[in-house]
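Could you put the whole structure together from the sequences, leaning on the hints where they help?
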Amino acid sequence: MPHVVTENCDQCRFTECVTVCPVACFHGDQTHLYIDPDVCIDCGACVPVCPVKAILDSIDLEPAREHWIALNQERAKALPVVRDKTEPLPTAAATRESLGL
Amino acid sequence: MTDTPRIAVVGSGPSGFYAVEALLRSIPDCRIDMIERLPTPHGLVRYGVAPDHQKLKQVAAVFDSIARDPRFTLYAGIRVGEDVSLDELMGCYHAVVLATGCAVGRSLGVPGESLPQVYSSAQFVGWYNGHPDHVSLQPDLRGAHAAVIGNGNVSLDVCRLLVRSFDDLRASDIPSPMLRSFEGRGVREVHMIGRNLVTATKFSFKEFRQLADLPGVQIRVPQATLWPDDMWSGATSDDAARVAQWLHANACDAAPTQGIVVNFWFQAVPTAFLGEHRVVGVALGGASPGVSVPAMLTCDLAVSCIGYDSQPLSGVPTDPRTGRVRHRSGQVIDADGADVAGLFAAGWVKRGPTGIIGTNRADGVETAGSLVQRLAQLMERLPAGAPTLAPLLNARSVVPLSYAQWLELDRWEKDRGVRLGKPREKLLSTPEAIEVLRSNASEAGRTL
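Top to bottom, those sequences are chains H and C.
Just so you know, we're using the numbering used here here: the first sequence kicks off at 1 and counts up by one.
Just so you know, we're using the numbering used here here: the second sequence kicks off at 1 and counts up by one.
By construction, these hints were calculated from the structure, which means they are not laboratory data.
Don't be surprised by glycine CBs; every beta carbon is placed ideally from N, CA and C.
Watch out, some of these pointers could steer you wrong.
Unchecked claim - For lysine to aspartate or glutamate, the following EDC-like pairs were computed, each having C-alpha atoms within a straight-line distance of at most 20 Å:
{"id": "1", "chain 1": "H", "residue 1": "Lys53", "chain 2": "C", "residue 2": "Asp238"}
{"id": "2", "chain 1": "C", "residue 1": "Lys57", "chain 2": "H", "residue 2": "Asp57"}
{"id": "3", "chain 1": "C", "residue 1": "Lys57", "chain 2": "H", "residue 2": "Asp38"}
{"id": "4", "chain 1": "C", "residue 1": "Lys55", "chain 2": "H", "residue 2": "Asp60"}
{"id": "5", "chain 1": "C", "residue 1": "Lys57", "chain 2": "H", "residue 2": "Asp42"}
{"id": "6", "chain 1": "C", "residue 1": "Lys55", "chain 2": "H", "residue 2": "Asp57"}
{"id": "7", "chain 1": "C", "residue 1": "Lys206", "chain 2": "H", "residue 2": "Asp57"}
{"id": "8", "chain 1": "C", "residue 1": "Lys55", "chain 2": "H", "residue 2": "Asp42"}
Claimed, not checked - Computed footprint of chain H on chain C, listed as stretches where at least three residues anywhere in the stretch have a Cβ under 8 Å from a Cβ of chain H:
{"id": "9", "region": "58-66"}
{"id": "10", "region": "356-362"}
Right, dumping it as structure tokens:
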């Protein structure tokens, strides 16, 4: 089962994940990253490095959040690969705090 | 000042390849030669990642694409320290990056460790993955009881392969001779022995579940009936918390049922392997006073999965406390903290046996960054007309294997795998590999 980036990435985009992805399967727009499930090898390296715990193995998604599986697939295919770390969004620190992380 | 920066990367596992990737991206006009001791590249992806984790092994496609860069050359089957010395390499290249990993299984240092049927994970994992150093290990898997020491993902791999159904194993890339040993398995009970608390395991929960969810396998925590409730709180990580929760909910009071039983023992320290001609048991002590553990557990096979050490190349400054290369952000330094000009390190030899495949990408970027920062000085290291590796090897009649030849071997292994209903059937030795290349060449009307 693929790994997925979920709502916690929104307004954060810390991009720690892309530095440890062995297969460069992260794609993204200006506010959010997505995982290409056809490229991800489910190694899980990205999960612990995300400061806002945005990345989950899809088997760990509760039913109400399962739409992230299709959304990651769809958005990843439409957006460019993100390989390099960039500055988090200006809203990242506040968002992280509001998530209690 | 010579023309193009020439860099040697020693070792072709994930850390070697990610160092190459980072160097190729940051130095447009470089040449990178990767030097690998074995006839085949990819290091622990081929010889460490479990044979039933094929999806993880797909990372090899990334290495293939890095290797397609025209600035890259593989020299496989070249042993640094035997075929060519490190000093000679330092004289051929502006920089040398050591990415040689940690190939030595750490030992417990207890009596009986040299008994037959007691192995380190490096040996046992190497054996079932067809590592040329370990193919002759031939462990006997017919006994009913096995002990696996360590509370990390390697011990989970070893345990899972010992208990997983033969149909599953047949569909993995365990080489045929090793598969025959698994076919004759007698394992009914595995003791997983760790010195930490139940809340301090280093398993990833995902890997733990792969074991726990296997049909016909029952997980037990025999000590749990003696434990107060607060044994289950205060986990050291998210994964450790989830493992402890799972064990608390599912493994505490069930009596052994039919099928294979995996017993998890915590705060248990092996004090000796027992037996005369081969191991028959492991003696245990409590990790701290007052801890209750069985004095002895029966086993016909014992595998210690307690970590790995590097085998330092002679002449490389090593920290005696950690056994790792001394470095600052990947630049190797001597005992006084001064740069060893031209020498760098990446991966496990640099940071120890921790992290997973992807961890090496960030690590390779760091080492490449340290190298690029010093590039101007590095270019002054070699005189014009400095020697190059290929003629040096040629003069010694040492014949390296190239990446193109690896791709031929890779295709051959996959083709043979298809016929056997598995992802690949591995070549187990250099002579076998050479024979395949020779027969390919003669079919194509070439000489090797």
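Against the structure, the hints come out as follows:
1. Restraint check for Lys53 of chain H and Asp238 of chain C: satisfied, since their Cα atoms lie roughly 11 Å apart, inside the 20 Å limit.
2. Proposed proximity of Lys57 of chain C and Asp57 of chain H is supported: the alpha carbons are some 18 Å apart, at most 20 Å.
3. A distance of roughly 14 Å separates the Cα atoms of Lys57 of chain C and Asp38 of chain H; the hinted pair therefore holds under the 20 Å criterion.
4. Of the supplied pair hints, the one linking Lys55 of chain C and Asp60 of chain H holds, its CA atoms being roughly 19 Å apart against a limit of 20 Å.
5. With a C-alpha separation of about 10 Å, the suggested pair Lys57 of chain C and Asp42 of chain H falls inside the 20 Å cut-off, and the hint holds.
6. In summary, the hint linking Lys55 of chain C to Asp57 of chain H is supported, as the alpha carbons are separated by about 14 Å, within the 20 Å threshold.
7. For the suggested pair Lys206 of chain C and Asp57 of chain H, the alpha carbons sit about 9 Å apart, so the restraint of at most 20 Å is met.
8. Distance hint between Lys55 of chain C and Asp42 of chain H is fulfilled; the C-alpha atoms sit about 7 Å from each other, no more than 20 Å.
9. Note: the region 58-66 of chain C has 4 residues with beta-carbon separation from chain H under 8 Å; the three-residue rule is met and the coverage holds.
10. Note: the region 356-362 of chain C has 7 residues with beta-carbon separation from chain H under 8 Å; the three-residue rule is met and the coverage holds.
When held up to the earlier numbered hints, the structure conflicts with none and fits them all.
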